[in-house]
Every structure is written in structure tokens, then in C-alpha cells.
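Chains as they are written, first to last, in the working numbering: chain X, 132 to 442; chain F, 132 to 442; chain R, 132 to 442; chain Z, 132 to 442.
Hints in this document: simulated from the structure, not taken from any laboratory. Careful: at least some of the hints might be erroneous.
Heads up, the list lumps identical chains together, so a pair's fine if it works in one copy or across two of them.
[Said to hold, decoys possible] Cross-link-like lysine-lysine pairs, in silico, PhoX-like; alpha carbons within 25 angstroms at most:
no., residue 1, residue 2
1, 289, 356
2, 442, 136
3, 289, 199
4, 356, 136
5, 345, 178
6, 335, 289
7, 298, 136
8, 178, 309
9, 357, 144
10, 298, 308
11, 356, 246
12, 334, 280
13, 335, 153
14, 345, 334
15, 144, 298
16, 355, 308
17, 280, 442
18, 178, 289
19, 144, 308
20, 136, 278
Protein chains: 4
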Amino acid sequence: MDLSKVSQIDVRKGMLVADLVKEMSGSGVMGAGKLAHAVDIAEIAIKDPNTVLFFGIAGAMVPGGMKKIMIDMLEAGWIDVFVTTGANLTHDLVEALGYHHYQGRADVSDAELHKKGLDRIYNSFMPNNVYEGMEDFFEKHWDELSKDKMNIKEFLWKLGSLMPKDKPSILRICYEKKIPIFCPAISDSGIGLMVWGRIAQGKKISVDAFDDLKDILDIAWDDKKKFAVWYCGGGVPKNFIQQAMQFAPRSAEFGIQITMDRPEPGGSSGAELREGISWGKMSEKGNFVDVICDVTIALPIIVAALKTRLK
Amino acid sequence: MDLSKVSQIDVRKGMLVADLVKEMSGSGVMGAGKLAHAVDIAEIAIKDPNTVLFFGIAGAMVPGGMKKIMIDMLEAGWIDVFVTTGANLTHDLVEALGYHHYQGRADVSDAELHKKGLDRIYNSFMPNNVYEGMEDFFEKHWDELSKDKMNIKEFLWKLGSLMPKDKPSILRICYEKKIPIFCPAISDSGIGLMVWGRIAQGKKISVDAFDDLKDILDIAWDDKKKFAVWYCGGGVPKNFIQQAMQFAPRSAEFGIQITMDRPEPGGSSGAELREGISWGKMSEKGNFVDVICDVTIALPIIVAALKTRLK
Amino acid sequence: MDLSKVSQIDVRKGMLVADLVKEMSGSGVMGAGKLAHAVDIAEIAIKDPNTVLFFGIAGAMVPGGMKKIMIDMLEAGWIDVFVTTGANLTHDLVEALGYHHYQGRADVSDAELHKKGLDRIYNSFMPNNVYEGMEDFFEKHWDELSKDKMNIKEFLWKLGSLMPKDKPSILRICYEKKIPIFCPAISDSGIGLMVWGRIAQGKKISVDAFDDLKDILDIAWDDKKKFAVWYCGGGVPKNFIQQAMQFAPRSAEFGIQITMDRPEPGGSSGAELREGISWGKMSEKGNFVDVICDVTIALPIIVAALKTRLK
Amino acid sequence: MDLSKVSQIDVRKGMLVADLVKEMSGSGVMGAGKLAHAVDIAEIAIKDPNTVLFFGIAGAMVPGGMKKIMIDMLEAGWIDVFVTTGANLTHDLVEALGYHHYQGRADVSDAELHKKGLDRIYNSFMPNNVYEGMEDFFEKHWDELSKDKMNIKEFLWKLGSLMPKDKPSILRICYEKKIPIFCPAISDSGIGLMVWGRIAQGKKISVDAFDDLKDILDIAWDDKKKFAVWYCGGGVPKNFIQQAMQFAPRSAEFGIQITMDRPEPGGSSGAELREGISWGKMSEKGNFVDVICDVTIALPIIVAALKTRLK
């Protein structure tokens, strides 16, 4: 075994994030070493024009302050396929409509918050009146939104086309740059509820539950490409990409997973990336890493280091 | 503050699960006290004919040995609404088609497993050839499966109607007992892939992505009922029920959550039930508990105690 | 690979804990399979008169309702060497002096509790006036306690000899049965504070910090014995036993670890048992299992099953 | 409730760590907000000459690449009292003697590592021959080390005085700057084993187990000072400081905790800092934060930001 020494991390006054990550890379161990490894993998995958990057993100990432980072990544062309949860897109819509999330606390009286009309997401709060704003938005744009038969990706692009241009949003940037955006459980979200509200009034919309599979699997089916997967949290976004990799002619060669979930209870969210080798989702010669960290800590560091490193 | 003493748990030779749970209830603290609390809540909710129990379950529960328990709970009429993941139903289908899951290990070479055609789910294995069996099944039954326009619940009932009668399955029991079964992200599963396989051959099926919302919200809309929620794991099943509770005239009065996820990263899966009070999903006077435990340990204990306690 | 099928756990009315564990053993997977595996290992180790069982337990186990279980295990002769934290022994002393712990909640105002003189340990409370009772006890027994030069084990046996006979305690049973009891960080506890209180008054006591190593290593040095380790939680108790195994002529052949800590941050508490193979602490042919579970849930189940299985 | 908006984190090319932390502070939520809060608290506590900072650190921090950071913090005078584990000091000694830790992997054969003489600490390795080097060191310096009756702090300073000057070490810097260093469970470590090795040869040493309490409590007893606590990991280092705070005339006004442990199982390591309010360990008006993160990720960021911010 040819082993590198653990070099003790040297932290300096006025240090760049990119240089701190280089120090972490030198240490090579524990969480710091893995975080640095994730930056290396992302850099290779993004630089290679032949690598398709599937980015899956779950969790309350907009109330968690990650919206601009996601938009930047989409805008810079780092992400080729974006898969997320309905909640994530609902919070994106909420901010695009001019509402805000607020800094709160977790050790509060939830009954008090309820009286004040504040919905808690761990230590952030969302004013409950966003639902009224969303109602108005869907009411106003319903005819446009519902006029065609669609799959979910097309529905989300349509939604993106209706977003205000002055407030950057995930939905708008995906629409503008025609980045495929998948959200299999879209009905499980505030956006879903808004659609249900119209249906309950007798209005119609036709969005197919299975049709997006064709779109994502067509992308994965390309045997001239290499594939990279990058997961922030688990849930449907991770699993939906993993199953595309299972049926791709070439399994994923690059992989980053940032999660706080554990593997032992057996769920997909906490599963180590290497488990995907057995399924043919990940390449056995692949370069991948599991970073056990809160996404709101790890993602800004990784992206700050990447922005500095990439031309 | 009127406080009960912690009574030291007394464990005896030949002890019933139900009696162990009673001892845990006497201790009243840490994980044991919470587990016992969950049994108390479930007992009240199940006994009350006026309480509708929404049961959400995520994770690899069939490979984890929980299938019979789920079927028993459905058969006994404990569960009024069943919400799960596509993976859970795919594993259910796999066993109904005569395949098995196998006892494995996590510290193995995934590359070796891949060569042997074994897909790893933490420490259980599934033979990869189940996909062939599923292909045959969908090929054979496609006309029946695809003939009507449906929502996902109707699609799953249809699937259940086609399951062999001699091999008890979740899908079949939900169909037979007409228990509403929801799986918003059904496309994110082996079942989804089978449907895609047919679509890729030019076949048609029409399953609506939003239409199930009407069904679940109609159930939650009943202002003569009380509501109980019971979550094993998080993900879409939990969130889909929680959002139904948000728009129910009466928020949930009973709640059980069994999870290994943490609240601090801010995702829905790890969120404490009390957070739902702020949203109007959980009643501020509700009786609920978060059990931080592996579902495959906690659920059998809870169900064994309930079977003994309930007439 | 010769694989066993996952058999679906069958839970029945009036079921014994021992029979539930048998069902979990049949499933063989996830947390349930590991819990059942732990019972099997413990049964073999306890039955074999030639196997020395080192039991390490950390965490607030007396406020968590585990005291009687620990006493039963000591009384039944299952445990040959007991290693624990000062906190655990302090809570044991507190109850032996006639005080109680109380069932509380975690989502409370800690400032309110402070005003009421209640010290919180997650969701259990301890009245702060226990410190007065301990003061009186140490004041009364100081001459006896401090008269000899001792190591920590001898100090704890002495303390045990002074415990009331009518209130079973860990300290008393270890003294009575001459079970070696180790607590390297005894100064880090209420008991330590009581000793400091006397020292601050100018009184003397002479307890050596290193001398216990001789006692525990003498036990581990016996090359005619086999060794079993059983950890509930990590911390010093686990590590102190592991280091004894490192220098034993035969590394541990049986091992059980029950913990909620993770391996990835690199600390000893969350380390998988198999890591000990590299150090020569665990035998590479050993039979061991890591159960990721709250001790207050797992330990009562394991002990109930063992009591039923063992003659 | 007067609430601040969550501002979306803006990450830029060539960004300083200190500026990234400022962005995290603006977001104010989830893990990122807490990490930034920790920097704010540390800055106030370090700048205030009247505040005594107790720093407790557990876990394999030297093999994890954190040694230089700890030494820098001690050297800069940020830390007034240092409390750690025996393992941490043993790894420090090992590197001071010229040995290294190595970058490894966790998914390896531990039996192979054992054959190669490599001891695994999650994904770092330590060559087993360090024990020979330590033997030689203790043999050579025994007379000097053992000549006086001591408490553990004095023993560690003595050890520090014997460390090579050309290889910076925690032990040496604490000795040189006369920073009180506590390690209640010193016998539970490689250093402990070395002492035992000499005792087993009939040599003598007299180190008192309780005597350090006087030293740490004298520091905490100063009613003209304010107190800050900073924990990296839990275990004895955290608990030993917390108990000093319990008996201090003024409970701690500043607190930082970085941990991956959970509160629910009830142990001290995972307990939220606010629990300390009930005990009188933390001030109810204190400024404190729990950062749920791998120390090897969080600590370098915090220290890099602090170095930039502090003159």
C-alpha cells in the first residue's frame, strides 16, 4: 500500500475558500478530506464537455439560503439535468412572487407561530400568506399553464416562462436555458395544491405521471457521453437519477453525495454511493465520495472553491 | 409541575412484547418511553372508529422484512389511507411474482455483487433478474393495465387486481379492501421503468400526475372525522400526508413518527412532528411522538404490542 | 455465495419478546436482523464459562430507566468486568440515597426548570437537591472512604460497601459480587465533585489515576480465556475495554455494540467494531455486530430475550 | 416578532473564507447560519480579556488533520483552559516523536491492515510501530516523568516539557505557555498504556485521580471573570468543563458546540447546550449555538474566519 501522509491543515489569515479546500485535500481524511475530494470530482466533471452532470437536490434549500447558489450553477452551465422536490420549487416560486423566508429559531412555540401565521421549516419561517399569492398567480395564469397536454418537465418550463424576469428563480433559469428539470412528485407540494385548487373548481389540466421517464432516460441513453451525479440530500431527486443511471449504457463515472442521513436503516437517501456499483448505477472504476455534512455548509464551500478554480 | 417518577424497567423471563412495552411506558423516558408512547397513541387512534389513520412508509421495507406487518395492518383495518414509495411497491411486486430478497452484508465488494447479478440494499440483496420477471408481467398485462385513463391510485389498484392471490401483497390487499393507496412519485421506481419500457415501444398509457390530490384531499376534507398520522421514515409519503393535513378542516390530533433522520439540516423527513403545529398540519393539543429508531426494530415491537392489546 | 432468504417478520398476538427476536433473526436484515444477531452473540458468550464478558456502558442510563437491567445482568453473573462513566454511577448513587429521576420533556424552558431546581437530561429531570444528599453522604462516610490508598476500582467498591442494602444499586452489587468496576474518568462526575468538596476543605484522599490499568490488563492478559465485549454507547467505557483487548494475548472473539453515533467523524464512540480488527482488538474471525439503536430500546429487548433463552 | 429576511448566500470567485462566513451569517439559517453564529460568538469571547475560554476537544483530531489548528489556537492565546482525551494527546505525542498518520479508506479489509501493521481510525491509518517509539520515549524519560507526586495536569505539563522543540505539539505548547490542560481519563489511552508498562515492570509513579478538580474549579471559581465554553465533540472533555460551569459562581455566557451526536439518546455528548441552563451550567441569557457538523469541516472554517477578523 502506497500511502500519503496526513498533512495537518494550515489555516491562515485572509485565506481564500479555495486555499482552505486545498489544505483539506492535503489532510485527505475525515469529513474535510471528503469535502475536498468532492471539489476535485466536480471540477473534473464540469470541465469535461463530454460529461453530463445530473444534479439532484432535496430539502428546504431556498429557506436554507441556497437559492442563488443553485441559480449560479444552472446559469454557469455546470448542471445539465436538474432534479428536485416540489417543496424546493414552491419555495423558489414564493420568492419569485416577492415573498421572503425569515430567520427564526427551532426552540419556539409552534402554537405561537401558528397564531402569527408563520410556518416553521426548522429554524426558518415562511409567512403563511404566501398561499394567497400563489393562488392569485395560478388563477391569473391558469389558461396559459393548462392549455397543452404535458409532462411534468414541460409543466415546470411553462411555469418558469411565467416567472418574473427581475427576480432570478430556478424555474425561470431552467426554462430560459432549456435545462431539463424533473420533479416526479410535483403533486406533493404547494404547487400541487394550487393545481388541485383549480381542479376542485372544475378546471382541467393534463399532466402525465410517467412521461418524464422518456425524457430523462433519453439523456442517459447516450452512449457517447460520460455521466456524473451530484446529490444534495436524498429522496426522490437522488433515486430518480440513480434509476436513470441503472439503465444507461454507461454507469456514472463521477459521483458526489452530500447528506446527513445514515446508511444503516436501509433507505435510498442514506445509501452510500458505492452501493450503486452493485446495481450498475455507478461505475466500479468511478471516482466518487460521500460527504456527511449539512448541505448549507458543504455546498457553499464547494461552489466557492469551484468558482475560483474554474476559468 | 406534576411529575411522574422514572420507574426502572423490569425485564422478566418469558416476557410478552406487550408487557415489555408497558415497562417502557413506566420508565417514560428516552427512546423507550417514546416507543411506548407510540403504542398508546396508535391504540387510541385505531380503536376510535371516527379517526382516519393515514400511514406513510418510505425506505426499503420489503427487503427489510416488514411486508407481512404492513399487510397485517392493512388487513386488520388499522390503516385507512396508505402512502408509500415506488420502491416499496416494486419490492412488493417482486415478491408477489415469486422472487425473494436475500440476507447479505454491507461490507462486501459491490463490484463482486454486480458480477453476480445481486443488487444491494444496505445488508439485503435482490437478484437483478427480477427485472425480467417484471418485464414479462407488464408485457402480459399491459392491455388491462393501460386501458383506462387513471390517476396513480387507480393505476395501483389495477396493478393490485392483477397480483397473484396466493402470495399476499400490499398491492393486492389495498385493491381488495379498497384502501386508498398513494404514491406520487411512482415514476421513480422499477414499476415506473416498466411503464417506460412499454412507452418506449410506442405503447400508450394515461396516468395523471395531479389527479390523486383530489382523492386524498377529499378524505382529509371530512370535518366529522378526526385524523391520525403515522410515519415510518420520511420522504414523499410523509410530506404528502402532511400537506393533506394542512388543508384539512381539522389538523391531525394523533401522530407517530419513526425515523433516523435529524431535524437540523431542515428537510421534511427529519422534521419533528411539532413543527407541523406552526403549519396547521398538527393540532396544538394533539398527542404525538417522534421515535428516533430504525423502523425494522420499532415497528415490529409496536405492532406486536398492539395486536396483544387490541381485541 | 450461499444466501438465505429474507423471511418477512411475522408478529402475533400475545407474542413473547424472545419469539419476536426469533422472527427478527429470520429476517436477518437491517436493524432488526442486527438486534437479533446481538442476542445470539450474547447468548453464546454468556453460556461459555470460559469467556470473559467486558461490558461498557455510557450515557444517562439510570435516568433512562436501565438501572434494574444493569443490576440484573450483574447479579446473574453475565458481566465479568463492568466499565462505565462517573455520571452513570452518580445517578446510581442518587437513587440509592432515596432520590428519584422524573419523566419530563425536551421541549421545555430550561430557564423555568432551573428556577424549579430541576436538572434536565434530555427528557428526564433530576431534582438539583440531590447534591445536598450526596454532600451529607460523603461527609458522613469520608473517613471510611478515604482511609486507604486506592485505585479507582477499590474506591468504587468501597463506595459500594457503603450503599444501603435495601435499595439495589450498581455500586453495591459490584462490591458484593466483587465484579471489577472501572471508571477512568471518575473525577468527571458528581461523585468527583463530592470528593473535590472534601479536598477543598483540606481533607485528604489518595486515589491513583493509572493504577486500574494493572487490574483490567491482568484480566485481559489471561491466555486461557476468550473475550467478549459489549458496548452500550461509546466514550471512555468502550475505549478503555478496547485498549485492554489490544494488549490481550487473544483479541475479542465476540462483540456487541449498541450506539447512535456515526463512524464518519472518526471518533472512537461511533467506530464500527470491525475497525478493531486492524488494531488487534477484535479477532478477524470474531462474531460481532453493530446495532444502530437507542440503548433504552435495544437493551431491554436483548435482555428480555436472553432471560427467556438462558436456563 | 421582529424577523430578519433569509438572504440567499452569494458565493464569488476568489472569495475569502471570512467573506463566505459573512454570507452564511446573512442567511442566518440551518447549518450555515449556525456556523456563522459560532464565529461571532468565538470572536466576542476571544476579544474580551475578561472572558476565560474553556476548550474541550474529543475525537481523533490529530489523525483528522486538526493538530496545527489546535496549536495555533493555543499559541494565539485564544484558549485559556484545554481539555481533551488521552487519545488526542497520544496522537500528538506520536507525531512529536516523528511518526505520521496516513490517508486511508474505510472500505478496506481490516484483516489486511492488521497484517500490514496499520491501525485504522475511520479513513486514516496509524502504523502500529508507534508503540515501540513510545515505549522507548517513556523508558528514556521515566525518571524525570515519575519523580514527583502529581496531578494529571502536572503530569501532562511534564510530558510537554520533554517533547522535542522542533516538532510543534499540543503537549509542548501547553507546557510552554502554562495553559492548564486536563485529561481526566488519561489512563484510557496509549499514554496510559505506556505508564502501565512501566508499572508492570515494578516502577512507580504517583498521579492523583481527583486532584485536577481543584485546579479546574479554582479557575471557574473566579467571580470577576466571564466564561466561554467551546466543544469539538463530546465525551469527557465536554462534560468535565460543563461540571466546572455548574459550580462556577457565574455560569457560561458564551458557548459553541460542534458535534455530530444526537440529543435523543440522552447522553451528554449529544445534549444541546441549552440543556445546561437547567443545571446552571449555561447562563439563560447566554449566547450559544450547536453546530451539527463534522469538526474537521467546521473548525478550519471557523478558525480561518477568526484569524482574518481578529487583529
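Consistency of the hints with the structure:
Taking the shortest Cα distances, residue 289 and residue 356 never come within 25 angstroms of each other, neither inside one copy (28 angstroms) nor across copies (38 angstroms). Taking identical chains as interchangeable, the C-alpha atoms of residue 442 and residue 136 are never at most 25 angstroms apart, the minima being 30 angstroms within one chain and 33 angstroms between chains. In this assembly of identical chains, residue 289 and residue 199 lie within 25 angstroms of each other by CA distance solely inside one copy; the values are 21 angstroms within and 44 angstroms between copies. Proximity of residue 356 to residue 136 under the C-alpha cut-off of 25 angstroms is found in neither arrangement, the shortest distances being 36 angstroms within a copy and 38 angstroms between copies.
For the identical chains of this complex, residue 345 and residue 178 are neighbours neither inside a copy (27 angstroms) nor across copies (46 angstroms), given an alpha-carbon limit of 25 angstroms. When the C-alpha separation of residue 335 and residue 289 is checked against a cutoff of 25 angstroms, the pair qualifies both within a copy, at 16 angstroms, and between copies, at 24 angstroms. For a Cα distance limit of 25 angstroms, the shortest separation of residue 298 from residue 136 across copies, 16 angstroms, qualifies, whereas the shortest one inside one copy, 48 angstroms, does not. Taking the shortest alpha-carbon separations for residue 178 and residue 309, only the intra-copy value of 20 angstroms comes in at or below 25 angstroms, while the best inter-copy value is 51 angstroms.
For the identical chains of this complex, residue 357 and residue 144 are neighbours neither inside a copy (40 angstroms) nor across copies (27 angstroms), given an alpha-carbon limit of 25 angstroms. In this assembly of identical chains, residue 298 and residue 308 lie within 25 angstroms of each other by CA distance solely inside one copy; the values are 16 angstroms within and 49 angstroms between copies. Taking the shortest alpha-carbon separations for residue 356 and residue 246, only the inter-copy value of 23 angstroms comes in at or below 25 angstroms, while the best intra-copy value is 53 angstroms. For the homomeric pair residue 334 and residue 280, the shortest alpha-carbon distances inside one copy (14 angstroms) and between copies (17 angstroms) are both at most 25 angstroms.
Proximity of residue 335 and residue 153 under a CA criterion of 25 angstroms is satisfied in neither setting, with 54 angstroms inside one chain copy and 47 angstroms between copies. Proximity of residue 345 to residue 334 under the C-alpha cut-off of 25 angstroms is restricted to the inter-copy arrangement: shortest distance 12 angstroms between copies versus 27 angstroms within a copy. Taking the shortest Cα distances, residue 144 and residue 298 sit within 25 angstroms of each other only across copies (22 angstroms), while inside one copy they are farther apart (36 angstroms). In this homomeric assembly, residue 355 and residue 308 come within 25 angstroms of each other (Cα to Cα) only inside a single copy, at 22 angstroms, whereas the closest approach across copies is 49 angstroms.
For the identical chains of this complex, residue 280 and residue 442 are neighbours neither inside a copy (41 angstroms) nor across copies (51 angstroms), given an alpha-carbon limit of 25 angstroms. For the homomeric pair residue 178 and residue 289, neither the shortest alpha-carbon distance inside one copy (30 angstroms) nor that between copies (47 angstroms) is at most 25 angstroms. For the homomeric pair residue 144 and residue 308, the shortest alpha-carbon distance between copies (22 angstroms) is at most 25 angstroms, but the shortest distance inside one copy (40 angstroms) is not. With identical chains, the CA atoms of residue 136 and residue 278 are never at most 25 angstroms apart, being 62 angstroms at best within one copy and 36 angstroms at best between copies.
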